[in-house]
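Q: With these hints in hand, go ahead and build the complete structure from the sequences.
So the sequence shown is residues 1 to 95, counted in our numbering.
These are calculated hints, taken from the structure and not from any lab test.
Source: prediction; values computed, not measured.
From the three backbone atoms N, C-alpha and C, an ideal C-beta is built for every residue, glycine too.
Any given hint might turn out to be false.
Unchecked claim - Just the calculated beta-carbon pair ranges, DEER-fashion:
1) Gln43 x Ser10: 12 to 20 Å
2) Pro18 x Arg94: 32 to 40 Å
3) Glu35 x Gly93: 34 to 42 Å
4) Glu90 x His37: 39 to 47 Å
5) Thr20 x Glu62: 23 to 31 Å
6) Ile34 x Pro89: 28 to 36 Å
7) Gly93 x Leu11: 34 to 42 Å
8) Ala51 x Gly93: 29 to 37 Å
9) Ser10 x Arg94: 38 to 46 Å
10) Met87 x Met52: 28 to 36 Å
11) Ala51 x Thr77: 14 to 22 Å
12) Glu65 x Val16: 31 to 39 Å
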Amino acid sequence: MDDYGSAYSSLAMLRVLPLTTLKIDKAFIRDIDIEPHTATIVQGLIQTLNAMGVRVTAEGVERQEQSDISHDLGYDTAQGYLISRPMPPEEIGRH
Numbered sequence: 001m002d003d004y005g006s007a008y009s010s011l012a013m014l015r016v017l018p019l020t021t022l023k024i025d026k027a028f029i030r031d032i033d034i035e036p037h038t039a040t041i042v043q044g045l046i047q048t049l050n051a052m053g054v055r056v057t058a059e060g061v062e063r064q065e066q067s068d069i070s071h072d073l074g075y076d077t078a079q080g081y082l083i084s085r086p087m088p089p090e091e092i093g094r095h
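A: The structure is reproduced here in structure tokens:
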């Protein structure tokens, strides 16, 4: 599931979808190093997902502080400009 935490995604969807990986929306990552409540919410969600055997990706990681906190909270993978700019599929193996 992509962009969890925005639009129509909800906790109810976690019960019915056979998820293996969930990507938490960048809106949560953007403020994770500034707003303590955001980190608390995300930490609870990650713990729940880990208990369900779901891998978690942090979307929109742009600053090292965001990456550090995301790692500390238990994300499995990260995605964002800090890691790499978007690129065509044929270039992925070259980097």
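Q: Taking 31 to 39 Å as the hint, is the beta-carbon distance of Glu65 and Val16 inside that range?
A: holds (35 Å)
Q: For the range 38 to 46 Å, tell me whether the beta carbons of Ser10 and Arg94 fit it or not.
A: holds (39 Å)
Q: Falls inside 34 to 42 Å, the C-beta gap from Glu35 to Gly93?
A: Distance hint for Glu35, Gly93 holds at roughly 38 Å.
Q: Between the beta carbons of Gln43 and Ser10, is the distance compatible with 12 to 20 Å?
A: Given about 18 Å between the Cβ atoms, the range holds.
Q: Within 34 to 42 Å or not, the Cβ separation of Gly93 and Leu11?
A: holds (38 Å)
Q: Verify the CB-CB distance for Glu90 and His37 against the hinted window 39 to 47 Å.
A: holds (42 Å)
Q: Could you say whether the range 14 to 22 Å given as a hint is met by the Cβ separation of Ala51 and Thr77?
A: holds (18 Å)
Q: I want to verify a distance hint. Is the separation of the beta carbons of Thr20 and Glu62 within 23 to 31 Å?
A: With Cβ atoms ~26 Å apart, the hint holds.
Q: With respect to the beta-carbon atoms only, verify the hint that Met87 and Met52 lie 28 to 36 Å apart.
A: Holds: the Cβ-Cβ distance is about 32 Å, inside 28 to 36 Å.
Q: Would you say the C-beta atoms of Ala51 and Gly93 sit inside 29 to 37 Å of each other?
A: holds (35 Å)
Q: At the C-beta level, are Pro18 and Arg94 separated by a distance inside 32 to 40 Å?
A: About 34 Å separates the Cβ atoms of Pro18 and Arg94, which means 32 to 40 Å holds.
Q: Verify the CB-CB distance for Ile34 and Pro89 against the hinted window 28 to 36 Å.
A: Since Ile34 and Pro89 have Cβ atoms about 34 Å apart, the given range 28 to 36 Å holds.
Hint compliance for this structure: every hint is met.
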